[in-house]
Amino acid sequence: MRAKFFKSGDLEGLKARITFVRISFCLLLALIVLRLWELQIINYDKYKSLSENNRIRNVIVNGPRGIIYDRHKAVIVTNRPSFNLTLTPEDVQDLKFILSLCQNRLDLTPAEIEKKIKFSYLEKDIILKRDIAHADLAFIEEHKLDLPGIGLQIEPLRNYIYGPLASHVVGYVGEINEKQLQVHKNSHTSFYRLGDLTGQYGLEKELEGFLRGNKGERLVEVDSLGRELKLLKKEVLRPSNNLVLTIDLELQRFIEDVFKDKSGAVVVLNPNNGEVLALVSHPAFDPNLFSGGISQQNWVNLISNRTKPLQNRVIQGQYSPGSVFKIIIATAGLESGVITPATRFYCPGYFPFGGRAFQCWRERGHGSVDIHKALVESCNVFFYNVGARLGIDRIAKYASLYGLGNPVGIGLTNEKGGIVPSNIWKKEVLGQKWYPGETISVSIGQGYISVTPLQLATMISAVANGGKVYKPLLVKRIESPDGRIIKEFNPQLIRTISLQPSTLAIIRKGLWGVVNAPGGTGSKAQAPGIEAAGKTGTAQIVGLSKGGGEKGPEHLKTHAWFVAFAPVDHPQIAMAILAEHSGKGGAAAAPFAGKVIEFYFKPRVIPATQVEAKRE
Numbered sequence: 327m328r329a330k331f332f333k334s335g336d337l338e339g340l341k342a343r344i345t346f347v348r349i350s351f352c353l354l355l356a357l358i359v360l361r362l363w364e365l366q367i368i369n370y371d372k373y374k375s376l377s378e379n380n381r382i383r384n385v386i387v388n389g390p391r392g393i394i395y396d397r398h399k400a401v402i403v404t405n406r407p408s409f410n411l412t413l414t415p416e417d418v419q420d421l422k423f424i425l426s427l428c429q430n431r432l433d434l435t436p437a438e439i440e441k442k443i444k445f446s447y448l449e450k451d452i453i454l455k456r457d458i459a460h461a462d463l464a465f466i467e468e469h470k471l472d473l474p475g476i477g478l479q480i481e482p483l484r485n486y487i488y489g490p491l492a493s494h495v496v497g498y499v500g501e502i503n504e505k506q507l508q509v510h511k512n513s514h515t516s517f518y519r520l521g522d523l524t525g526q527y528g529l530e531k532e533l534e535g536f537l538r539g540n541k542g543e544r545l546v547e548v549d550s551l552g553r554e555l556k557l558l559k560k561e562v563l564r565p566s567n568n569l570v571l572t573i574d575l576e577l578q579r580f581i582e583d584v585f586k587d588k589s590g591a592v593v594v595l596n597p598n599n600g601e602v603l604a605l606v607s608h609p610a611f612d613p614n615l616f617s618g619g620i621s622q623q624n625w626v627n628l629i630s631n632r633t634k635p636l637q638n639r640v641i642q643g644q645y646s647p648g649s650v651f652k653i654i655i656a657t658a659g660l661e662s663g664v665i666t667p668a669t670r671f672y673c674p675g676y677f678p679f680g681g682r683a684f685q686c687w688r689e690r691g692h693g694s695v696d697i698h699k700a701l702v703e704s705c706n707v708f709f710y711n712v713g714a715r716l717g718i719d720r721i722a723k724y725a726s727l728y729g730l731g732n733p734v735g736i737g738l739t740n741e742k743g744g745i746v747p748s749n750i751w752k753k754e755v756l757g758q759k760w761y762p763g764e765t766i767s768v769s770i771g772q773g774y775i776s777v778t779p780l781q782l783a784t785m786i787s788a789v790a791n792g793g794k795v796y797k798p799l800l801v802k803r804i805e806s807p808d809g810r811i812i813k814e815f816n817p818q819l820i821r822t823i824s825l826q827p828s829t830l831a832i833i834r835k836g837l838w839g840v841v842n843a844p845g846g847t848g849s850k851a852q853a854p855g856i857e858a859a860g861k862t863g864t865a866q867i868v869g870l871s872k873g874g875g876e877k878g879p880e881h882l883k884t885h886a887w888f889v890a891f892a893p894v895d896h897p898q899i900a901m902a903i904l905a906e907h908s909g910k911g912g913a914a915a916a917p918f919a920g921k922v923i924e925f926y927f928k929p930r931v932i933p934a935t936q937v938e939a940k941r942e
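Counting the sequence shown from 1 gives a position; the working numbering is that position plus 326.
Below 25 Å or equal to it, Euclidean Cα-Cα: the simulated PhoX-like pairs (lysine-lysine) are:
#	residue 1	residue 2
1	883	742
2	802	399
3	742	753
4	928	850
5	723	752
6	813	531
7	797	742
8	422	470
These are calculated hints, taken from the structure and not from any lab test.
Model, not experiment: these values are computed from the prediction.
Let the hints inform the model, and build the full structure from the sequences given.
Have a look at this one:
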């Protein structure tokens, strides 16, 4: 007799449980089938796209910036290939290890990397470091299997061929910052991304829209670690536009070489159209320091340097013009009828005015002086007399006509306007009345008057060309890569000063005598075979009683000025030279003018078209 293992009630319960499991299994299977149906049939396109996004990536490629040439098509700025270290956050498996590696190998602190990640969280690829060294490049390549998320990117990097040469003209590039990026977003310009290079100073900044590299795309297949396996598609990058400057590279190089031991500025213009042939601010800086991202140490060195290499002295330095300002006083005196060519004043070596004796630079005096002798020998007493008779407001009128008191408009950021004092100026700025004794100081370019070297170059150009004040030009044209003219920059006449021909003739003759006549203060500016005209200037930093002058401490010594044009009869160049803390203008600045004039007019072989540097 077989034993009963289950009671009838237990058997029925077991059957019920088996049925429940079967039904549950069927339902689960049905759900799986339905999910597979959804994934593979209904949402096939969606998930295929997501899958391919993990396998296929769009890589943004930055094209090279436009080339910058001098007026003869000699290359000043071009591009070179460089390797960037990049981070793709979605591929990173061990961020802590990567932070440690970057700190030990690449001199990047974890804080710097985390900041880049924070500010670039929407970007697929974050540039950790530009232009990495060959040793680091080799290390990354050797260990790339151990560094998921770390990659290398080839990018054209700015190459300033001559380093500091013309650095205050061409400027530099750097990574776009958050504030700049927001400005572009607000103006609906979506061209830039965080980490992009953009012009930050000089013409690189002012003409960014023409120079910036065009963007392209690479479609690549990657593996599970984000490493590129295959190039699927590459967009051909369209080259950028190029700049042709007015700068004469050889002249610029010559001036920077002879001026290398000085702090100051030299600017050379074509007086007939305002083209800038050379613009030298010394000391300068090397723009290549900024191309790949300037290091903290290099930045600190630049901004803490007491010689201020980042200051463009040509347009930002504001100095007393010294005796160069006597050209303005002479113009105002002749035009207003205060003096004539026959007017004479006696110079005993001082000028008594308001209970004070204002000194002439020659202690024994110049004797009886007319306008010609006063310009040639730079007699202070003559111009004290003229200034006192003119008054400050008439002086200010003619100074303004020559372009002083306002930025000239060269097209570079932060150009200063200097100061042309007047009764109204002092009342509005200082809340004080003007005193006649202050006019005496201004009459020889001291006191409240201040100018930039560019303003004085513009002024002497107007004397050379008959009274035309031109806006200085730095760029001749913008060209397409195939040489088509995109934009041409024509001379811009600001104003023509209405001067009597006799006034200009008297002043020009006097300036000729400064360089060529016996007793001329600028005789050291003479150049073989070329007759030049010019004016010396010596600008005090502080009064003699406070240790100023030519023999005081270095930082209190006078600034030396010289302005000139040549040849006298048919001027082709005009210039202003400022040598800081160098003594007298005739001894310290005039010799530089002579060298510049001699170099410019000596025969030079300049090919019609220079060999263009190959765009990388």
